[in-house]
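Number of protein chains: 2
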Amino acid sequence: MATLGVDACIITSADPHLSEYPADHWKFREWISGFTGSAGTVIVTNEEAGLWTDSRYFLQAEQELEDTGIDLYRMGEPEILNYKEWLAKNLPPGSVVGVNGKNVTITELRELAKTLKLADIRLDTRFFVEEDVWEGRPTIPEDGIFELGLEYTGLSRIDKVQTIRAEMKKQDATHYIVSTLDEIAWLLNFRGQDVLFNPIFHAYVVISHNHVNLFIDPHKLTSAIGQQLAKEDVKIFLYTDFYDYIKDMPPLAKVLIDPARSNSIVHSFLPKQSTKIEKTSIITNLKAQKNTVEIENFRKAMVKDGVAMVNFLYWLDNTIGKEAITEYSAAQKLSELRAKQDNYHGDSFNTISGYAANGAIVHYAVQEETAAELKPQGLYLIDSGGQYKEGTTDITRTVVLGDITDEEKTDYTLVLKGHIGLDQAVYPIGTRGVHLDILARQAMWKHGINYGHGTGHGIGHFLCVHEGPQSIRPQDNGVEITLGMISSNEPGIYKAGKHGIRLENLILTVNDQTTDFGSFMKFETLTLCPFDRRAINISLLDKQEIEWLNNYHQKVYDQISPFLNTDMKKWLKDMTKAI
Amino acid sequence: MATLGVDACIITSADPHLSEYPADHWKFREWISGFTGSAGTVIVTNEEAGLWTDSRYFLQAEQELEDTGIDLYRMGEPEILNYKEWLAKNLPPGSVVGVNGKNVTITELRELAKTLKLADIRLDTRFFVEEDVWEGRPTIPEDGIFELGLEYTGLSRIDKVQTIRAEMKKQDATHYIVSTLDEIAWLLNFRGQDVLFNPIFHAYVVISHNHVNLFIDPHKLTSAIGQQLAKEDVKIFLYTDFYDYIKDMPPLAKVLIDPARSNSIVHSFLPKQSTKIEKTSIITNLKAQKNTVEIENFRKAMVKDGVAMVNFLYWLDNTIGKEAITEYSAAQKLSELRAKQDNYHGDSFNTISGYAANGAIVHYAVQEETAAELKPQGLYLIDSGGQYKEGTTDITRTVVLGDITDEEKTDYTLVLKGHIGLDQAVYPIGTRGVHLDILARQAMWKHGINYGHGTGHGIGHFLCVHEGPQSIRPQDNGVEITLGMISSNEPGIYKAGKHGIRLENLILTVNDQTTDFGSFMKFETLTLCPFDRRAINISLLDKQEIEWLNNYHQKVYDQISPFLNTDMKKWLKDMTKAI
Chain B
1 MATLGVDACI
11 ITSADPHLSE
21 YPADHWKFRE
31 WISGFTGSAG
41 TVIVTNEEAG
51 LWTDSRYFLQ
61 AEQELEDTGI
71 DLYRMGEPEI
81 LNYKEWLAKN
91 LPPGSVVGVN
101 GKNVTITELR
111 ELAKTLKLAD
121 IRLDTRFFVE
131 EDVWEGRPTI
141 PEDGIFELGL
151 EYTGLSRIDK
161 VQTIRAEMKK
171 QDATHYIVST
181 LDEIAWLLNF
191 RGQDVLFNPI
201 FHAYVVISHN
211 HVNLFIDPHK
221 LTSAIGQQLA
231 KEDVKIFLYT
241 DFYDYIKDMP
251 PLAKVLIDPA
261 RSNSIVHSFL
271 PKQSTKIEKT
281 SIITNLKAQK
291 NTVEIENFRK
301 AMVKDGVAMV
311 NFLYWLDNTI
321 GKEAITEYSA
331 AQKLSELRAK
341 QDNYHGDSFN
351 TISGYAANGA
361 IVHYAVQEET
371 AAELKPQGLY
381 LIDSGGQYKE
391 GTTDITRTVV
401 LGDITDEEKT
411 DYTLVLKGHI
421 GLDQAVYPIG
431 TRGVHLDILA
441 RQAMWKHGIN
451 YGHGTGHGIG
461 HFLCVHEGPQ
471 SIRPQDNGVE
481 ITLGMISSNE
491 PGIYKAGKHG
501 IRLENLILTV
511 NDQTTDFGSF
521 MKFETLTLCP
531 FDRRAINISL
541 LDKQEIEWLN
551 NYHQKVYDQI
561 SPFLNTDMKK
571 WLKDMTKAI
Chain F
1 MATLGVDACI
11 ITSADPHLSE
21 YPADHWKFRE
31 WISGFTGSAG
41 TVIVTNEEAG
51 LWTDSRYFLQ
61 AEQELEDTGI
71 DLYRMGEPEI
81 LNYKEWLAKN
91 LPPGSVVGVN
101 GKNVTITELR
111 ELAKTLKLAD
121 IRLDTRFFVE
131 EDVWEGRPTI
141 PEDGIFELGL
151 EYTGLSRIDK
161 VQTIRAEMKK
171 QDATHYIVST
181 LDEIAWLLNF
191 RGQDVLFNPI
201 FHAYVVISHN
211 HVNLFIDPHK
221 LTSAIGQQLA
231 KEDVKIFLYT
241 DFYDYIKDMP
251 PLAKVLIDPA
261 RSNSIVHSFL
271 PKQSTKIEKT
281 SIITNLKAQK
291 NTVEIENFRK
301 AMVKDGVAMV
311 NFLYWLDNTI
321 GKEAITEYSA
331 AQKLSELRAK
341 QDNYHGDSFN
351 TISGYAANGA
361 IVHYAVQEET
371 AAELKPQGLY
381 LIDSGGQYKE
391 GTTDITRTVV
401 LGDITDEEKT
411 DYTLVLKGHI
421 GLDQAVYPIG
431 TRGVHLDILA
441 RQAMWKHGIN
451 YGHGTGHGIG
461 HFLCVHEGPQ
471 SIRPQDNGVE
481 ITLGMISSNE
491 PGIYKAGKHG
501 IRLENLILTV
511 NDQTTDFGSF
521 MKFETLTLCP
531 FDRRAINISL
541 LDKQEIEWLN
551 NYHQKVYDQI
561 SPFLNTDMKK
571 WLKDMTKAI
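Protein sequences, first through last, are from chains B and F. Going by this note's numbering, the first sequence opens with residue 1, and the numbers climb by one from there. Going by this note's numbering, the second sequence opens with residue 1, and the numbers climb by one from there.
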């Protein structure tokens with residue numbers, strides 16, 4: 001810090017692509033602090049060091065920070081300043097704070113700079129200290145990429161680029177910078193294996209009216225892919241040459257750049273005279289509205305995932321109380337069953353597997369050593385997903401393992417009512433997630449119960465399990481729900497020390513009807529897996545809710561049973577019979 | 001315009017207090033154009049003149065503008081620019097546009113200036129042309145004011161000022177400027193009669209830590225009121241001295257001013273060095289959360305208003321088909337029945353009285369000459385309200401006059417389902433109108449029907465029928481619904497050429513319960529008047545909705561019947577019997 005002339009530094013957990021799961025190469029925050037959680041920021045001053053993280057990680061951070069001399073700042077607790085405010089309060093005016101501008105978005109950097117400026121503190125965003133001090137830094141993954149055929153993607157690279165260029169013209173842009181990895185994978189119809197859970201690969205793309213410029217480690221490309229790209233006017237550059245390219249862009253370029261999806265260094269390297277068009281990345285919106293081929297594939301993925309889930313639930317129901325099962329071994333079992341499905345490419349995130357009171361810990365990360373044993377009593381929550389070439393899945397079921405209390409039954413039923421409430425929504429063009437969210441909560445609010453997370457997020461097509469731009473939650477992000485979007489529907493009830501219940505399906509936005517009053521849309525349920533009839537207090541359901549459940553269960557049976565053996569078929573018949 | 005050095009001018013329909021109903025003294029737009037509608041802006045250039053108004057007034061404006069040489073710009077129609085864009089497009093760069101800055105809010109002026117600046121057009125906000133050209137301009141009303149006792153207001157002036165000063169301290173303000181008339185009336189516990197519908201009077205107030213400075217025409221005050229105010233350290237200034245006072249404020253004053261509730265001249269006259277604290281007016285929030293005395297009074301007003309409404313509905317039911325009734329005479333009849341109630345101070349707005357297809361015109365303004373005759377067939381919509389010392393009312397009922405179609409029945413029932421849906425809402429702290437709105441629409445959306453207006457607005461305590469800050473509608477204004485707020489609940493269905501249905505009650509936000517998950521609130525229905533059972537398709541209602549309706553009707557009967565004669569009592573019994 002002294003050599004680099006800064007008085008304090010900020011070390012974030014992001015990579016230059018703002019990924020949800022950064023590769024080890026970018027886990028500098030983890031290396032320097034020993035803290036392995038996914039979310040956390042380290043601040044180092046000349047006198048002290050601190051880690052800011054949220055309640056999911058308080059326990060883990062305490063353990064991992066022991067004897068490091070790094071203080072833990074518990075975000076969200078009263079009196080705890082966020083790290084920006086902490087810096088503003090603790091550093092003398094005139095100080096300089098270093099941060100690697102590649103690991104913060106343009107939007108985040110502006111907010112940071114604003115807070116610090118009020119305290120007369122200057123930011124140095126070219127603080128690339130990891131390049132000097134990180135011994136044994138892992139390399140950027142060199143794994144190969146593979147092409148996802150038109151039978152899965154529905155649109156060729158050429159078609160996608162054409163649509164994008166038309167939109168660039170509308171926005172009067174000469175260049176369009178794409179730096180998030182799922183957008184690049186979607187654009188190019190390639191998938192990779194650089195990180196766990198997300199089938200992405202490391203690259204940057206700049207689209208101009210004549211070329212698609214792809215910055216990528218050439219080891220990742222087969223010669224066949226290289227030749228094909230050359231034919232399509234895709235120019236290949238070294239991954240490491242991206243920032244030089246940005247610096248050397250034509251001074252009069254009109255550059256489309258998404259301030260929430262580009263790191264701040266990309267912006268600062270653009271030629272001074274260039275016009276910066278700051279808008280939501282074109283691909284963000286295109287990618288969210290799944291095309292008919294993607295949707296057909298999603299339906300296939302749902303059958304496979306449903307078969308794996310039903311196999312799992314059957315196994316659980318027949319094994320509990322007979323053989324030892326832990327939260328960890330159950331999650332393992334489910335992954336194994338998913339792996340038996342065609343075109344499976346791993347799980348889409350780390351399975352949340354929580355028995356009884358552990359189910360109430362929303363982001364419970366089960367570990368082999370500390371996993372609880374499942375007993376033939378109470379509720380068990382499992383939130384998981386798979387990556388298939390046909391699509392990404394995300395499903396939560398809460399399962400009855402034995403006797404359950406009336407309170408558990410009531411809570412399960414209230415969550416189910418909320419789930420059905422959102423699933424049955426009909427809404428006009430212009431509706432946003434902020435409008436729909438209450439449909440999943442109204443039933444439990446009437447019982448004085450609520451949950452602290454959102455109700456729905458977007459999901460990628462064989463890409464990231466959390467994908468924007470839509471979001472169904474009380475906070476408004478201004479994004480309209482449009483045809484072809486696939487979202488999760490996942491209300492929950494969490495009672496600390498008692499139980500956790502979450503019920504999650506994926507739902508597709510489809511047409512309902514067009515009348516004199518305009519066009520209306522509704523959801524089609526994609527996920528195929530029974531709810532647990534044993535956990536339902538039928539007297540709390542109204543006629544339409546019962547009808548919805550019976551119809552859904554019939555559909556699950558019809559679509560999943562052909563892939564089951566006789567015993568399992570019988571079991572599913574029983575689990576899905578009308579109430 | 002030439003003398004004053006401007007190339008075009010904007011004439012708005014506002015007064016310097018941004019009132020919903022300006023006094024005649026400020027109806028310059030009406031005087032210059034002949035257009036009498038409540039909303040409309042006139043633009044005059046050296047070559048042309050235009051009036052911009054919305055669809056409510058297209059027909060009326062066409063008629064009133066005939067032969068004036070003023071073009072009509074139909075806002076909301078395709079290709080029609082708003083007047084800001086029109087000016088930006090039609091005036092050459094370097095032009096100057098005049099506007100009376102007293103008749104635009106600070107926020108509006110900033111938006112206007114921004115649009116014009118892009119076209120290199122300058123604004124002159126001190127264009128007070130009406131002072132020179134308006135011959136026979138009406139004077140500002142000199143009617144007296146009267147005190148509203150503690151038994152109605154629940155809080156003395158002194159208590160209110162104390163609360164406000166505490167809040168000013170929190171906001172670090174030395175002065176607080178109040179310029180909207182309902183806020184001044186609420187603050188001082190006075191009411192006036194300067195305009196129709198709103199019991200306000202013309203004044204400005206500036207609160208400092210030592211004084212309340214009241215700018216008012218002294219004719220309005222009795223000597224008793226003057227003496228009382230002197231005792232309470234309220235300093236009286238001439239109404240016309242307000243702007244000089246603003247100019248002469250201490251240069252180091254820290255002035256709280258609401259940019260949405262102050263005109264732009266007030267802001268521009270403040271000393272340059274003074275600190276402007278731009279926040280929502282303190283009184284806006286205090287006034288919205290009714291105190292227990294106000295709420296008790298509201299309940300009394302609702303009984304009176306319910307008695308008047310039931311008298312009206314009884315009369316209508318027994319007169320239709322026997323004597324001639326028009327939309328106009330029906331509205332007159334209702335006003336007469338309200339006038340029989342104690343402490344009645346006029347209607348709270350111009351009654352909307354629409355028979356059959358006229359009910360589908362949302363802001364239908366009935367006129368004696370053109371009023372339709374009510375026939376013993378179809379539906380009749382009446383939206384009205386009264387001003388009582390105990391509170392302001394606003395109610396809409398849609399009434400069966402004879403045979404109605406199945407479509408009318410379905411639509412009535414869908415509106416009722418929406419009305420009940422919102423009425424039954426339970427919601428945690430932090431909930432805003434944008435979250436609740438869907439509860440009133442979900443039932444009709446499932447039938448491909450929607451309405452273009454908001455679902456709920458705030459209402460004053462013997463003040464304005466439309467009062468902020470809360471709003472229940474798809475557009476988010478960021479305001480949370482809090483305890484003591486009174487809002488309208490008024491979903492509707494409008495089918496052009498066929499029928500219009502709206503069902504409106506006032507609802508009060510009260511506590512529901514506090515649990516481990518926080519505090520939850522709900523609505524208490526205040527309005528007391530039956531819905532029309534004859535218009536309901538019972539098969540579309542679920543069990544809870546039927547229960548709600550029966551309970552509500554029982555409550556209406558219990559509270560209203562003691563004030564009715566035997567025949568009417570019998571009629572009400574019949575109208576409110578359980579379904």
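Simulated from the structure, these hints should not be mistaken for laboratory data. Mixed in with the good hints, there may be bad ones.
Below 27 Å or equal to it, Euclidean Cα-Cα: the simulated DSS-like pairs (lysine-lysine) are [what the hints assert, rightly or not]:
id, chain 1, residue 1, chain 2, residue 2
1, F, Lys577, B, Lys543
2, F, Lys409, B, Lys114
3, F, Lys117, F, Lys170
4, F, Lys169, F, Lys254
5, F, Lys279, B, Lys555
6, F, Lys235, B, Lys446
7, B, Lys114, F, Lys573
8, F, Lys543, F, Lys573
9, B, Lys117, F, Lys573
Handout entry: Unsatisfied constraints (hint numbers, rising)
Key = 2, 3, 5, 6, 7, 9
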